[in-house]
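Modelling step: build the complete structure from the supplied sequences, incorporating the hints.
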Amino acid sequence: MDEWLSLKEACKILRLAPNTVRKLIRTGDLRAYEIKGVRGPRFKKEDLEGLITPIQPQSPKEKVTKKKKS
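Residues 0 to 69, numbered by numbering that gives the first Met the number 0, are exactly what the sequence shown covers, in order.
The set of hints was computed from the structure by calculation and includes no laboratory data.
Treat the hints with care, as some may be off.
[Unchecked claim] Simulated DEER-style distance windows between Cβ atoms: (1) 57 <-> 7: 16 to 24 Å; (2) 22 <-> 58: 28 to 36 Å; (3) 57 <-> 30: 24 to 32 Å; (4) 49 <-> 7: 16 to 24 Å; (5) 58 <-> 33: 39 to 47 Å.
For each residue, glycine too, the CB sits at the ideal point set by N, CA and C.
Structure, rendered in structure tokens:
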């Protein structure tokens, strides 16, 4: 069975404020679950990891050289 994470734990993993995590839930960017008898939303770790993507390095910009006036 999956390990369920609380809102506080999700915030710690994502390094986001609770209101930001709630906004992600409202916009559909983060899936949250309601568990009967448990207060507050719960999250699956893999759903949180789906929000984290590596930044691709950009190719170095070509150096622009100015022509000297003769």
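**Request:** Could you tell me which of the hints above the structure violates, numbers in ascending order?
**Result:** 1
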